[in-house]
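Participant: Chain residues, written in single-letter form:
Protein chains: 2
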Amino acid sequence: MTTTRSLFPVIMAGGSGTRFWPLSRHLFPKQLLRIGGEHTLIQQTMQRVLGCAPASNVLISTNAAQADLIRTQLVDWKEDLANGFLLEPEGRNTAPAIALAAIEVLARDPNGLMLVVPADHVVTGQRDFGAAVQLASQLASKGYLVTFGIKPIRPETGYGYIKPNGKSLLGKRGKLRGYVVQKFVEKPNARKAAQYLKAGNYFWNSGMFIWRAATIMEEIGLHQPAIKASMDRIRKLRTEGASKQQIDEVYRRIAPVSIDNGVMERSSKAAVVPVRFKWSDVGSWGSLDEVAEKNRGGNVVTGRVIDIDSTQSIVYADRRVVATIGLQDMVVVDTPDATLVCPKSRAQDVKKIVDILKQQQAPEHLEHLTVQRPWGSYTVLEEGPGFKVKRVTVNPGGRLSLQMHHQRSEHWVVIAGTPRVTREQEVFDLQVGESTAIPVKTRHRLENPGQETVHIIEVQNGPYLGEDDIVRFKDDYGRTASS
Amino acid sequence: MTTTRSLFPVIMAGGSGTRFWPLSRHLFPKQLLRIGGEHTLIQQTMQRVLGCAPASNVLISTNAAQADLIRTQLVDWKEDLANGFLLEPEGRNTAPAIALAAIEVLARDPNGLMLVVPADHVVTGQRDFGAAVQLASQLASKGYLVTFGIKPIRPETGYGYIKPNGKSLLGKRGKLRGYVVQKFVEKPNARKAAQYLKAGNYFWNSGMFIWRAATIMEEIGLHQPAIKASMDRIRKLRTEGASKQQIDEVYRRIAPVSIDNGVMERSSKAAVVPVRFKWSDVGSWGSLDEVAEKNRGGNVVTGRVIDIDSTQSIVYADRRVVATIGLQDMVVVDTPDATLVCPKSRAQDVKKIVDILKQQQAPEHLEHLTVQRPWGSYTVLEEGPGFKVKRVTVNPGGRLSLQMHHQRSEHWVVIAGTPRVTREQEVFDLQVGESTAIPVKTRHRLENPGQETVHIIEVQNGPYLGEDDIVRFKDDYGRTASS
Numbered sequence: 030m031t032t033t034r035s036l037f038p039v040i041m042a043g044g045s046g047t048r049f050w051p052l053s054r055h056l057f058p059k060q061l062l063r064i065g066g067e068h069t070l071i072q073q074t075m076q077r078v079l080g081c082a083p084a085s086n087v088l089i090s091t092n093a094a095q096a097d098l099i100r101t102q103l104v105d106w107k108e109d110l111a112n113g114f115l116l117e118p119e120g121r122n123t124a125p126a127i128a129l130a131a132i133e134v135l136a137r138d139p140n141g142l143m144l145v146v147p148a149d150h151v152v153t154g155q156r157d158f159g160a161a162v163q164l165a166s167q168l169a170s171k172g173y174l175v176t177f178g179i180k181p182i183r184p185e186t187g188y189g190y191i192k193p194n195g196k197s198l199l200g201k202r203g204k205l206r207g208y209v210v211q212k213f214v215e216k217p218n219a220r221k222a223a224q225y226l227k228a229g230n231y232f233w234n235s236g237m238f239i240w241r242a243a244t245i246m247e248e249i250g251l252h253q254p255a256i257k258a259s260m261d262r263i264r265k266l267r268t269e270g271a272s273k274q275q276i277d278e279v280y281r282r283i284a285p286v287s288i289d290n291g292v293m294e295r296s297s298k299a300a301v302v303p304v305r306f307k308w309s310d311v312g313s314w315g316s317l318d319e320v321a322e323k324n325r326g327g328n329v330v331t332g333r334v335i336d337i338d339s340t341q342s343i344v345y346a347d348r349r350v351v352a353t354i355g356l357q358d359m360v361v362v363d364t365p366d367a368t369l370v371c372p373k374s375r376a377q378d379v380k381k382i383v384d385i386l387k388q389q390q391a392p393e394h395l396e397h398l399t400v401q402r403p404w405g406s407y408t409v410l411e412e413g414p415g416f417k418v419k420r421v422t423v424n425p426g427g428r429l430s431l432q433m434h435h436q437r438s439e440h441w442v443v444i445a446g447t448p449r450v451t452r453e454q455e456v457f458d459l460q461v462g463e464s465t466a467i468p469v470k471t472r473h474r475l476e477n478p479g480q481e482t483v484h485i486i487e488v489q490n491g492p493y494l495g496e497d498d499i500v501r502f503k504d505d506y507g508r509t510a511s512s
Numbered sequence: 030m031t032t033t034r035s036l037f038p039v040i041m042a043g044g045s046g047t048r049f050w051p052l053s054r055h056l057f058p059k060q061l062l063r064i065g066g067e068h069t070l071i072q073q074t075m076q077r078v079l080g081c082a083p084a085s086n087v088l089i090s091t092n093a094a095q096a097d098l099i100r101t102q103l104v105d106w107k108e109d110l111a112n113g114f115l116l117e118p119e120g121r122n123t124a125p126a127i128a129l130a131a132i133e134v135l136a137r138d139p140n141g142l143m144l145v146v147p148a149d150h151v152v153t154g155q156r157d158f159g160a161a162v163q164l165a166s167q168l169a170s171k172g173y174l175v176t177f178g179i180k181p182i183r184p185e186t187g188y189g190y191i192k193p194n195g196k197s198l199l200g201k202r203g204k205l206r207g208y209v210v211q212k213f214v215e216k217p218n219a220r221k222a223a224q225y226l227k228a229g230n231y232f233w234n235s236g237m238f239i240w241r242a243a244t245i246m247e248e249i250g251l252h253q254p255a256i257k258a259s260m261d262r263i264r265k266l267r268t269e270g271a272s273k274q275q276i277d278e279v280y281r282r283i284a285p286v287s288i289d290n291g292v293m294e295r296s297s298k299a300a301v302v303p304v305r306f307k308w309s310d311v312g313s314w315g316s317l318d319e320v321a322e323k324n325r326g327g328n329v330v331t332g333r334v335i336d337i338d339s340t341q342s343i344v345y346a347d348r349r350v351v352a353t354i355g356l357q358d359m360v361v362v363d364t365p366d367a368t369l370v371c372p373k374s375r376a377q378d379v380k381k382i383v384d385i386l387k388q389q390q391a392p393e394h395l396e397h398l399t400v401q402r403p404w405g406s407y408t409v410l411e412e413g414p415g416f417k418v419k420r421v422t423v424n425p426g427g428r429l430s431l432q433m434h435h436q437r438s439e440h441w442v443v444i445a446g447t448p449r450v451t452r453e454q455e456v457f458d459l460q461v462g463e464s465t466a467i468p469v470k471t472r473h474r475l476e477n478p479g480q481e482t483v484h485i486i487e488v489q490n491g492p493y494l495g496e497d498d499i500v501r502f503k504d505d506y507g508r509t510a511s512s
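In order, the protein sequences belong to chains X and S.
Numbers given in my numbering equal positions in the first sequence, counted from 1, plus 29.
Numbers given in my numbering equal positions in the second sequence, counted from 1, plus 29.
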């Protein structure tokens, strides 16, 4: 299929990533994981929408905490996405985020169509996806709010359902048909879900939409006038050159509401295109079954796993060896700082584990031991009273901020590459096997002017070793104010 | 009870530790683990036998690879055990090891009694143990080979059984009785095991024995004349002042045989004392149930475990958080470099996992990331091409060998304590936060002259980083020849 200049993909990438813990973390949500393919889910999503629209049309709806990691994963489209990031100052569910994207699309093209897609779903069948987008675009151009309906394959109680009005054919393309929506059904109980599955004319609400930006703004104005008013206010503040803080404050005051509850279920313009591509929202460890390759025993196995006799299980190993014997329908996920073991049937309860960790203020709910940064990454190898040991990786051309710590000294030993070190007035390069010491309160900088990735072992000493003991003087990534 | 000058406890400590993998390793067997108490199994065993005999009578039958670790765990009895270690040059099963111990006991006391106990069993009831030893000693003094019989509590198929001749009462003490053995029964099938349990006059063979050293040597001479001949040869070589190598060679040529098969089952002098203490050989993860404390759900839980709804399971966490949901009769063991997950009913198959790791020459079957040394320990934090990062701990007064590496340089950063460093001709102390570099081929030594434990982070660089790249010039622990 061809790409369309007037189609603006909006990738919804604000997920919090509790259900794939411990592989996902609050600051490393599911969309950043490699699931069902060699690319991460957001990379797969980007590639998918590029079949329908040019890269410079793509908008990424996310928040500041996740933007850096997403930029790193979508670095192949760095220039195209330079102005494509829409950062929510705070999560307000999907309706306000979509309204914000609609403003942006309208500013670029008053006739623009929006293709709204979650960043963390798996879709199989690029051709079928393109065809559905084509047909839905036609209906959207006529003023419909079009959803993609997924044919149920099990009596799922976790999704909303859509019933088309079979007598209201709006358009067709090949075997695809578009209809007016007769009704939306909230998450049903098991009995109803079984009925819908049997009936054959109920479809899962996939959370993917196409509409004209102008139409969705009108409908938001009709059904969620407060959001419309906030958007008008934000537009006005922007033209007046107001501060980011002022604008963010307006957004923060919006009451959270989803686009489904807030608009789609209330609108008379809702339409549905039952699609033919395979889809999964990979909503829990158990659902990995739908998208991942299995071995002979029906197990989904990743990493250094030694198994005897297990069946229908999911076993994920990272750095460690994981040995499993005689498991059945189990999930085992082993990461450098946390391990999960549960039956597939209880995988939804991982949320509860994350809640407990959050209450305990345990770092394991927040981020991984390896933390991605714009210049590379670091991994905490060990920490204890008065010391912390990290492996720091600096990409070619990467440069940490010129910085200083009040409470800790650092020692760096080079294990790969040729880093350049700034220490107060001195600037010098280090070779593999060489080291240097950075005393407390000394301005310093680490950079990689070479072609090879730099790896150093950093040993920190001091009474306080928090990441927030940092004074940034200069930074390539605009982080001199905060971390 | 009183201790007896003529009783020589022989602690059999040569186990290979596959069944408690990944907590036990080939070089860190089960006897070194804390199970069913705050002390390790070999420490519990030592304390138990000290109720019956003086510490200087205790003999430890083990091998060179394990002796250092056992010495470290039994450091409270360092002087008493100075001559108490009997090192097998190679495992030859229990009969030759017991014969070697018998020679030693005969040399110390021609009328000496031997109390043979495995180092890795759990016994509850010191008073009942002492009483059983008293009665068994009486019978042993009369020339019997006395075993301790355990009353079966389940139809176990993994143990041998002993049937006393009820008409042959040899002695009594309180409620305890001693009998001539009517027959030994090899590991039975499930039907037979159930019969024995019901019959009530069959007892488990616990692997604990008492006899006169002279009696067991006579019986070995009768039923295993080759072993007796080898022992005579070893005694002769010793009096001639032969080299350790020559003596070891004689031992190596002995065919392996167990004392049960080789002597007890053939001897007319076998006797049994059915005992009243609680006993477990903690032969697998599942058997932890018998000796460990359980929480409300019936789970045995160690470390930072977050659990929802699990029952009758064993969950062991080390440095990491382990989250478990809805487990039933499962075993989850998480160590720094290996994780095991299996149903309790399959815990015996851990052996197979260890075999696979051994075939793969994977380090995880051999030892832990933390390796105990006579001077302290080290932990591998990370390793990769050309580098290795360790945390090295040196006990107060501990001193590594004066050494040199051909292929690696090292950097040391102090994170606790005040180490003294020798580097060629220089000798200097380092403070916390200070560092030093040890270039390739430089003689160096690390020691802890202070009262506080020293911790350093060591970063190694070089093309080859094996532990065997070490030339030892001086060593406090007699290791200048090998590692």
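Hints should not be assumed to be uniformly reliable.
Identical chains share a label here; the pair holds if one copy fits it or two copies do between them.
Below, simulated SDA-like cross-link-like pairs (lysine to any residue); rule was C-alpha separation at most 25 Å, straight line [to be verified]:
#, residue 1, residue 2
1, K373, Q357
2, K381, I337
3, K381, D347
4, K273, F306
5, K204, D498
6, K171, D289
7, K257, G154
8, K381, N324
9, K171, N194
10, K387, I337
11, K171, I385
12, K265, A111
13, K387, L79
14, K380, I337
15, K373, T340
16, K387, P365
17, K373, V334
18, K373, R508
19, K323, D378
20, K373, I337
In case anyone wonders, no lab produced these hints; they're calculated from the structure.
Quick caveat: nothing in here was measured; it's all calculated off a predicted structure.
Participant: Work down the list of hints and note, for each, if the structure agrees.
Facilitator: Results of checking the hints against the structure:
In this assembly of identical chains, the alpha carbons of K373 and Q357 lie at most 25 Å apart whether taken from the same copy (9 Å) or from different copies (13 Å). In this assembly of identical chains, K381 and I337 lie within 25 Å of each other by CA distance solely across copies; the values are 8 Å between and 30 Å within a copy. For the identical chains of this complex, K381 and D347 are neighbours both inside a copy (23 Å) and across copies (22 Å), given an alpha-carbon limit of 25 Å. For the homomeric pair K273 and F306, neither the shortest alpha-carbon distance inside one copy (41 Å) nor that between copies (76 Å) is at most 25 Å.
When the C-alpha separation of K204 and D498 is checked against a cutoff of 25 Å, the pair qualifies neither within a copy, at 61 Å, nor between copies, at 70 Å. In this homomeric assembly, K171 and D289 come within 25 Å of each other (Cα to Cα) only inside a single copy, at 20 Å, whereas the closest approach across copies is 90 Å. In this assembly of identical chains, K257 and G154 lie within 25 Å of each other by CA distance neither inside one copy nor across copies; the values are 36 Å within and 77 Å between. Taking CA atoms no more than 25 Å apart as the test, K381 paired with N324 passes between copies only; the shortest distance there is 20 Å, against 30 Å inside one copy.
Taking the shortest alpha-carbon separations for K171 and N194, only the intra-copy value of 18 Å comes in at or below 25 Å, while the best inter-copy value is 99 Å. Proximity of K387 and I337 under a CA criterion of 25 Å is satisfied inter-copy only: 15 Å between copies versus 35 Å inside one chain copy. For the identical chains of this complex, K171 and I385 are neighbours neither inside a copy (49 Å) nor across copies (64 Å), given an alpha-carbon limit of 25 Å. Taking the closest pair of Cα atoms, K265 and A111 come within 25 Å of each other only inside a single copy of the chain (23 Å); across copies the shortest separation is 87 Å, beyond that limit.
In this assembly of identical chains, the alpha carbons of K387 and L79 never lie at most 25 Å apart, being 37 Å within a copy and 49 Å across copies at closest. Within a single copy, K380 and I337 get their C-alpha atoms only as close as 29 Å, which misses the 25 Å cut-off; across copies the closest is 11 Å, which meets it. Taking the shortest alpha-carbon separations for K373 and T340, both the intra-copy value of 12 Å and the inter-copy value of 17 Å come in at or below 25 Å. For the homomeric pair K387 and P365, the shortest alpha-carbon distances inside one copy (18 Å) and between copies (24 Å) are both at most 25 Å.
Taking identical chains as interchangeable, the C-alpha atoms of K373 and V334 lie at most 25 Å apart whether they share a chain (18 Å) or sit on different chains (19 Å). For a Cα distance limit of 25 Å, the shortest separation of K373 from R508 qualifies neither inside one copy, at 42 Å, nor across copies, at 52 Å. Both within a single protomer and between protomers do K323 and D378 lie at most 25 Å apart by alpha-carbon distance, with minima of 24 Å and 24 Å respectively. Both within a single protomer and between protomers do K373 and I337 lie at most 25 Å apart by alpha-carbon distance, with minima of 19 Å and 14 Å respectively.
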